[in-house]
Amino acid sequence: MSIDTPPRVARRPARSRPKPGGADAVPVTPEPPRLPSRRNPKWIALGVVAVCLGGLLSYVIYARVATESAVVAMTSTVYRGEVIDAGDLTSVTLSGDPRVPTIAADLAPTLVGQRAAYDLVGGSLVAPTAVTAAAVPAAQRAVVGMKLAGGRAPADFLVPGAPVRLVALPPVDAQPGARDPYAGKTFAARTVSSVPGPDAGSLFVDVDVPANQAPTIAMLAAQERLSVVRDAGR
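Numbering (my numbering), first residue to last: 2 to 235.
Keep in mind that the hints were calculated from the coordinates and are not lab data. The structure displayed is predicted, hence computed values, not measured ones. Backbone N, C-alpha and C fix where the C-beta goes; we use that ideal spot for every residue, glycine too.
Cβ pair distances, simulated, as ranges: (1) G202 / R166: 14 to 22 Å; (2) Q115 / G202: 30 to 38 Å; (3) A140 / A219: 16 to 24 Å; (4) G114 / A233: 28 to 36 Å; (5) N41 / G123: 53 to 61 Å; (6) P155 / E69: 38 to 46 Å; (7) T130 / A71: 15 to 23 Å.
Once the Cα atoms are required to be at most 25 Å apart in a straight line, the calculated SDA-like pairs of lysine to any residue come out as: (8) K148 / G185; (9) K43 / L54; (10) K148 / S228; (11) K186 / L170; (12) K148 / A189; (13) K148 / M220; (14) K148 / E83; (15) K148 / V230; (16) K43 / G55; (17) K186 / G146; (18) K148 / A184; (19) K148 / P182; (20) K148 / R231; (21) K186 / D207; (22) K186 / P211; (23) K43 / L58; (24) K186 / A212; (25) K186 / Q141; (26) K186 / M220; (27) K186 / R226; (28) K148 / P197.
Throw the hints in and build the complete structure from the sequences for me.
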């Protein structure tokens, strides 16, 4: 009796690994050495110049901002004695020292309601002495209003604060040879305001005069016996 057995698989002989340095060793190519990167001198010089320019520009901007200041300026002309409104004021930024007295922009609200000490031209800077709280008229002074017919005043020159002389005229119905105590008399005054009247060429004028002369001037104004002469000055 026989027993069938599966055939045996022949084992493959194990391959021997080559020993390092042996005759069968595979040669290994070494890695090439790394070359140092080249730096372009032109780019280095440009970088240095850019850094210097950036620092200089930063200094200029800082110096300019550090010397800037906001001050008060006029948006419209306000004549001497007139009240200053909020709309008359604005702020401007100055670089460096303006070399003239100015008022800081944050103090603008304190100027509203005060009066111009002299004519403040639109676009000009406001000095600390340009405003005053003094009322018009001042002590021992009075303001008289009058209506002047055409030709009795230089209309374009009666700005507020202008020095004028009030000249008394003879009465219209004066008798020949009659002597009037006021005819030819003059009174020194300053214009407070003037606006056109309803008639062609007429004016409504307010003048600042000495308080003791106010009654006489008011009487002559009511009789339409006054003419206004603009004197030199403001």
